[in-house]
Amino acid sequence: MNQPYLAFLLLLGFVAFNAVLLIGLSHLLAPRKPTALKDSPYESGMPSLGSAHERFSVKFYLVAMLFIIFDIETVFLIPWATIYLNGAGSTGGPSTGFLLVEMLLFMLILAVGYVYVWKRGALQWN
Amino acid sequence: MNLDLTSTGDLARALLPELTLTAAGMLVLLVTAWRHTSGRDLRIAGWVTLTGLVAGGVAVWWLWWHTARAAGPPSMIAVDDFRFVTDGLFLAAAGLTVLVSFDYLEREGLLVPEYYVLLLFATLGMMLMAGGEDLMVVFLGLELMSVSVYVLAGIDRRSGAAAEAALKYFLLGAFASGFLLYGIALVYGATATTNLTQIAAQVRSLSLVQSPMLLIGLGLVLVGFGFKVAAVPFHMWAPDVYDGSPTPVTGYMATAVKAAAFAALFRVLVEAFGGVTAWKPIVWWLAVATMVVGNFIALAQHTVKRMLAYSSVAHAGYLLVAVAAASWAGSAALLAYLFAYTLVTLAAFALLAAQGREGERDVRIDDLAGLGQRRPWLALALAVCMLSLLGFPGTAGFIGKWYILVAATMAHENVLAAILVLTSVVSAGYYLPVIMAMYMKPQPFDQAHAGVRLGRPAAVVVAACVVGLLVLGVRPNPLLDLARSSAIVPPARAATPATGR
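As you go down the protein sequences, you meet chains A and B in turn.
Those letters in the first sequence? Residues 1 to 126, per this note's numbering, in order.
Those letters in the second sequence? Residues 1001 to 1501, per this note's numbering, in order.
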């Protein structure tokens, strides 16, 4: 087996062993004096009202989905910006003008989606 | 016209149809952002979509007319006639679907102009998928197409069946994408490239024909495509999805989506894995199972839509025979058959959409009784469609099937050809009862066919398709010449006939 993978495997085993050891020891050795208050879901805080398995509005999904789309735009912008800053054109790649136009087109496409989402009322809660 | 795909200008020219369609899709999206409240807005979106599709078609035609070819190093997109002709097929199918949808959407009160946006993006995905020269482009196109069609299947939010169809399609489609992607990853692991021609070169130079990693990857790719074309062990989703979706969407799924998956499958198998013989027996068995199972289950169906769904599975089997031939002739037969099949299926589903009337009720085969007396033209059109699906001489369906048979026998796949003929005979058992019901049975009660309205755009589509079927059935030369001249020529190694069976 390759040396670096062996080290990784050892680390993995050590971590697992450590976790089991610490939790297991505290489980076995800790003194236990339960009271009604200690057994409540949150020892320091509000008791939960009703079931946590409730149905909630589909609008949350919509907002989360829209967030992810525009979040990914930002994620794409960062690597693009580092390449653009380092002058990709000088190292034989596409020229900076091409890179700029490409990213502007990408953002234009997203902007069209944004306008659509806005005008169609997906950002309004009611 | 030689296009150097490393230069930006030439690349833009090679991608002109796709770029046109992207722009059209965004334009329609913006139009629907402001106008989405009335039937008039729906028609506006429809006409803008149609204009976009025509513009895309002009771009494809321009590239085809100038016989554009790629020059220089292997690139991500193919520039060949196979791509142009399949692009034309997808655009035509989308255009006809738009025309059929005009009346359907208004009748069902589906005020969602996004329907057209999704159609445009699905078509764009198909074009990328069938034109992809790189497994990643194929995958991206497939996803763009699939995601749009998942939404289209469930576009009628009031219908439980549509929701079920969309969810089933989405879940199984996600699995299929997973298989395909894992297959691509393994193929990349074995060959260090995702470019189709370079995979073929690597397989030769590194002699990977027996490499387990490549073979498992190829197998997973086949499973992924098997789901998309609804080949038999992977067809379970198809009847429910086709049955539950709005009828024009079903027509689109059964034609364009299937055509795109077949075009991409053929290109991947022949261009990248032409030197690997391992896939031939797999496709052989897939074809046999699909033909037999599809045709026999279709016999047991009572509703027309479900019968057509299983018939579409059976037709996937016939098309797999053309893939199994894996030759120049197979490629030409695939194209010819796809054209004939697209025409007939779109017309059949347009007629079925009209027959369903408001609320899209199930049309049982017995419900068609007496249609021949009450609505002779509708009955005639449906009869021609059924005969063409059956492969009756004088219709384009016969020419398509004949060409698949020729391709199969040329590749010494005589058993496949025999099974194709025998299962076609079985298919008469469910196509002909439709004609019998229409012409030989009296209508069950007065006004049994009242309220069946085929709107003008849809009527134009049906008339054009039926006339096209009959004309191509009698004078198939233009279609065959087109198919022959744009067939994929397999690399020399793949041209050797498959081992005798």
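Hint data in this document are derived by calculation from the structure and do not stem from the laboratory.
C-beta: ideal position from N, C-alpha, C; glycine also.
Please note that a few of the clues may not be correct.
Under the rule of at most 35 Å between Cα atoms (straight-line distance), these lysine-lysine pairs were calculated in the DSBU-like manner [claimed, not checked]:
(1) A:K38 x A:K119
(2) A:K59 x B:K1441
(3) A:K119 x B:K1441
Estimated spans, in silico, between C-beta atoms of each pair [what the hints assert, rightly or not]:
(4) A:A52 x B:A1448: 40 to 48 Å
(5) A:F60 x B:R1361: 31 to 39 Å
(6) A:Q124 x B:G1394: 55 to 63 Å
(7) A:F106 x B:F1175: 25 to 33 Å
(8) A:P79 x B:W1061: 48 to 56 Å
(9) B:R1456 x A:V63: 38 to 46 Å
(10) B:P1233 x A:L28: 23 to 31 Å
Chain B is nowhere near these chain A residues, computed Cβ spacing over 10 Å in every case [to be verified]:
(11) L11
(12) N18
(13) A19
(14) S48
(15) E54
(16) I68
(17) L77
(18) P79
(19) F98
(20) V115
(21) Y116
So which of those numbered hints doesn't the model satisfy? 1, 2, 3, 4, 8, 10, 19, 20 and 21
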